[in-house]
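Peer 1: The listed protein sequences derive, respectively, from chains A and B.
Just so you know, we're using full-length UniProt numbering here: the first sequence kicks off at 1 and counts up by one.
Just so you know, we're using full-length UniProt numbering here: the second sequence kicks off at 1 and counts up by one.
Read the hints as simulated data drawn from the structure, not as lab findings.
Some hints here could point you the wrong way.
For chains that are exact copies, the list does not tell them apart, and a pair is met inside one copy or across any two.
With a Cα cut of at most 35 Å, we get these calculated DSBU-like pairs of lysine-lysine [as the list claims (entries may be wrong)]: (1) Lys20 - Lys200; (2) Lys116 - Lys268; (3) Lys18 - Lys275; (4) Lys268 - Lys95; (5) Lys235 - Lys134; (6) Lys169 - Lys200; (7) Lys116 - Lys180; (8) Lys235 - Lys169; (9) Lys20 - Lys8; (10) Lys268 - Lys20; (11) Lys39 - Lys169; (12) Lys39 - Lys275; (13) Lys134 - Lys78; (14) Lys235 - Lys268; (15) Lys268 - Lys134; (16) Lys110 - Lys268; (17) Lys268 - Lys101; (18) Lys27 - Lys78; (19) Lys241 - Lys275; (20) Lys18 - Lys8; (21) Lys56 - Lys20; (22) Lys134 - Lys8; (23) Lys39 - Lys134.
There are 2 protein chains.
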Amino acid sequence: MDLWYTEKQTDDFGITAKVKRTLQSEKTDFQQLDMLETKEWGNMLVLDGMVMTTEKDDFVYHEMISHVPLFTHPNPKKVLVVGGGDGGVIREVLKHPSVEKAVLVEIDGKVIEASKQHLPSIAGELTNPRVEVKVDDGFMHIAKSEAEYDVIMVDSTEPVGPAVNLFTKGFYAGIAKALKEDGIFVAQSDNPWFKADLIKQVHQDVLEIFPITKLYTANIPTYPSGLWTFTLGSKQHDPLKVGQDRFHQIETSYYTQALHQACFALPKFVEDLTK
Amino acid sequence: MDLWYTEKQTDDFGITAKVKRTLQSEKTDFQQLDMLETKEWGNMLVLDGMVMTTEKDDFVYHEMISHVPLFTHPNPKKVLVVGGGDGGVIREVLKHPSVEKAVLVEIDGKVIEASKQHLPSIAGELTNPRVEVKVDDGFMHIAKSEAEYDVIMVDSTEPVGPAVNLFTKGFYAGIAKALKEDGIFVAQSDNPWFKADLIKQVHQDVLEIFPITKLYTANIPTYPSGLWTFTLGSKQHDPLKVGQDRFHQIETSYYTQALHQACFALPKFVEDLTK
Numbered sequence: 001m002d003l004w005y006t007e008k009q010t011d012d013f014g015i016t017a018k019v020k021r022t023l024q025s026e027k028t029d030f031q032q033l034d035m036l037e038t039k040e041w042g043n044m045l046v047l048d049g050m051v052m053t054t055e056k057d058d059f060v061y062h063e064m065i066s067h068v069p070l071f072t073h074p075n076p077k078k079v080l081v082v083g084g085g086d087g088g089v090i091r092e093v094l095k096h097p098s099v100e101k102a103v104l105v106e107i108d109g110k111v112i113e114a115s116k117q118h119l120p121s122i123a124g125e126l127t128n129p130r131v132e133v134k135v136d137d138g139f140m141h142i143a144k145s146e147a148e149y150d151v152i153m154v155d156s157t158e159p160v161g162p163a164v165n166l167f168t169k170g171f172y173a174g175i176a177k178a179l180k181e182d183g184i185f186v187a188q189s190d191n192p193w194f195k196a197d198l199i200k201q202v203h204q205d206v207l208e209i210f211p212i213t214k215l216y217t218a219n220i221p222t223y224p225s226g227l228w229t230f231t232l233g234s235k236q237h238d239p240l241k242v243g244q245d246r247f248h249q250i251e252t253s254y255y256t257q258a259l260h261q262a263c264f265a266l267p268k269f270v271e272d273l274t275k
Numbered sequence: 001m002d003l004w005y006t007e008k009q010t011d012d013f014g015i016t017a018k019v020k021r022t023l024q025s026e027k028t029d030f031q032q033l034d035m036l037e038t039k040e041w042g043n044m045l046v047l048d049g050m051v052m053t054t055e056k057d058d059f060v061y062h063e064m065i066s067h068v069p070l071f072t073h074p075n076p077k078k079v080l081v082v083g084g085g086d087g088g089v090i091r092e093v094l095k096h097p098s099v100e101k102a103v104l105v106e107i108d109g110k111v112i113e114a115s116k117q118h119l120p121s122i123a124g125e126l127t128n129p130r131v132e133v134k135v136d137d138g139f140m141h142i143a144k145s146e147a148e149y150d151v152i153m154v155d156s157t158e159p160v161g162p163a164v165n166l167f168t169k170g171f172y173a174g175i176a177k178a179l180k181e182d183g184i185f186v187a188q189s190d191n192p193w194f195k196a197d198l199i200k201q202v203h204q205d206v207l208e209i210f211p212i213t214k215l216y217t218a219n220i221p222t223y224p225s226g227l228w229t230f231t232l233g234s235k236q237h238d239p240l241k242v243g244q245d246r247f248h249q250i251e252t253s254y255y256t257q258a259l260h261q262a263c264f265a266l267p268k269f270v271e272d273l274t275k
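Pulled out of the complex, with its shape left as it was, chain A reads as follows:
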């Protein structure tokens, strides 16, 4: 059988990937979860009809949401990942020896289970002793935390379904409270080709709360338009003023020390969204 998964990324455009077989397909308490074995991308996690990660390109997203804030912070010890049940961000966080504890708060335990079973190269570090996994509401976890974390990454789905609260000013204010006085946070903030208004809104909202707010990009071929943005909010540390001695060697496939700077150089039409 010639089976293809087609994702409409807008009403009028999408991607299509050849599927060997469906490994899992279920309606969880929070969303539709599908795990597909594809020919081009290896195993692929799809939530509510949107590709979340694949075995072939996961490194881009997970490296770029992690290493940019973690190298910007001079000494990150306690890190929180909101969402990210596939474990990819955790895997990257643990490459930083300063990190003593990484907490993952994922609302949907089924995502964690499915990833452990079908995405072992991504989820493999979730059982690391430096990691604490909580199946809980990230918004509520943030609301209960105070001056606790050095770095917080929000690895959410799009602002539909369970993630809708994670794109609000109230959530960013909660994150600021949950961070220590020199804390840094990053959230994935979608793509500039189809979601320009969202990027603009997120940037404005974060800028009201964090004195240093910057947008950066990475190429993720299975995400809409291939150009993804991350919004970074920082209380003190500027990602563009990291001392050379702060960087140390880690194994990556996308992130480099040069890209740490270069990823903040935005295409003109994207830069305009931050003004």
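Given the coordinates of chain A, assemble chain B onto it according to the supplied hints.
Peer 2: For chain B alone, coordinates are given in the frame of chain A:
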């Protein structure tokens, strides 16, 4: 009717775009030419089943193949575009007041005609008096030229069909001969996710001829993987050592002075292809 254009970018992955109507579809002497009116991207030129350009995202490719070499050269006066019958590169070249003459050599006159008719925002400058349009074989034109051009851009299709000669060492040697002693050339060199071997080969071949050979990237959402590469070969001028005073204001939607530097900071797995 619910009509979709689906392009298999690999055997197992592709894009799909909703089509309002087919504006033109014909077999020229060189290739299959289709012009589609799409909902997401406006009018779209497709050659041999591959998207060449669209009204919505054409600025990325055309700005990035042009302004990087043109600002690297201190005073480009005579410029050659090989291929590029849609006229997008020419439009960008003319933004540089130093350019006295821009020659376009496109093998397929039908591409020029179709673009003038259906892509006026892209092809509009082809009738500018500073432009000379030749319907001719780019490979042969290069072979006949000697120390004539300051900058040459190769805006070709993939290395199949009419463009196959444009990805050979002999062609790069011809380009070096056609350039003046401080000339610069750029060729589009496909994407690193599906065509890593091609990028590696082009880089090796160009490096044998041009002492300064560098790869840079841009995000093109309608091209495979969204991450496109350009290979730049230069006899003297280094694109990373352009004086601040060289840059002047031009109207762009993608290229910026900061990106001129940043686009050479490659993702690790791409950087590895140049070693």
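Peer 1: First find the shortest C-alpha distance between lysine 134 and lysine 8 inside one copy, then the shortest across copies, and answer within, between, both or neither for a cut-off of 35 Å.
Peer 2: within (32 Å within a copy, 41 Å between copies)
Peer 1: If the cut is 35 Å between Cα atoms, do lysine 18 and lysine 275 qualify within a copy, between copies, both or neither?
Peer 2: between (41 Å within a copy, 32 Å between copies)
Peer 1: At most 35 Å between C-alpha atoms: does lysine 20 with lysine 8 qualify within a copy, between copies, both, or neither?
Peer 2: Close inside one copy (20 Å) and across copies (17 Å); limit 35 Å.
Peer 1: How would you label the pair lysine 268, lysine 20 (within, between, both, or neither) given a Cα cut-off of 35 Å?
Peer 2: between (40 Å within a copy, 30 Å between copies)
Peer 1: Quick one: lysine 56 to lysine 20, C-alpha cut-off 35 Å, is that within a copy, between copies, both, or neither?
Peer 2: Both: 15 Å inside a copy, 34 Å across copies.
Peer 1: First find the shortest C-alpha distance between lysine 268 and lysine 95 inside one copy, then the shortest across copies, and answer within, between, both or neither for a cut-off of 35 Å.
Peer 2: both (33 Å within a copy, 16 Å between copies)
Peer 1: Reference check for the pair lysine 110 and lysine 268, CA-CA at most 35 Å: within, between, both, or neither?
Peer 2: between (40 Å within a copy, 33 Å between copies)
Peer 1: One pair to classify: lysine 268 and lysine 134, alpha carbons no more than 35 Å apart. Within, between, both, or neither?
Peer 2: between (40 Å within a copy, 33 Å between copies)
Peer 1: What label fits lysine 39 with lysine 169 when the C-alpha limit is 35 Å: within, between, both, or neither?
Peer 2: between (40 Å within a copy, 33 Å between copies)
Peer 1: Checking lysine 134 and lysine 78: alpha-carbon separation at most 35 Å within a copy, between copies, both or neither?
Peer 2: within (15 Å within a copy, 64 Å between copies)
Peer 1: With 35 Å as the alpha-carbon cut-off, assign the pair lysine 39 and lysine 134 to within, between, both or neither.
Peer 2: within (33 Å within a copy, 43 Å between copies)
Peer 1: First find the shortest C-alpha distance between lysine 169 and lysine 200 inside one copy, then the shortest across copies, and answer within, between, both or neither for a cut-off of 35 Å.
Peer 2: within (13 Å within a copy, 46 Å between copies)
The structure shown violates none of the earlier numbered hints.
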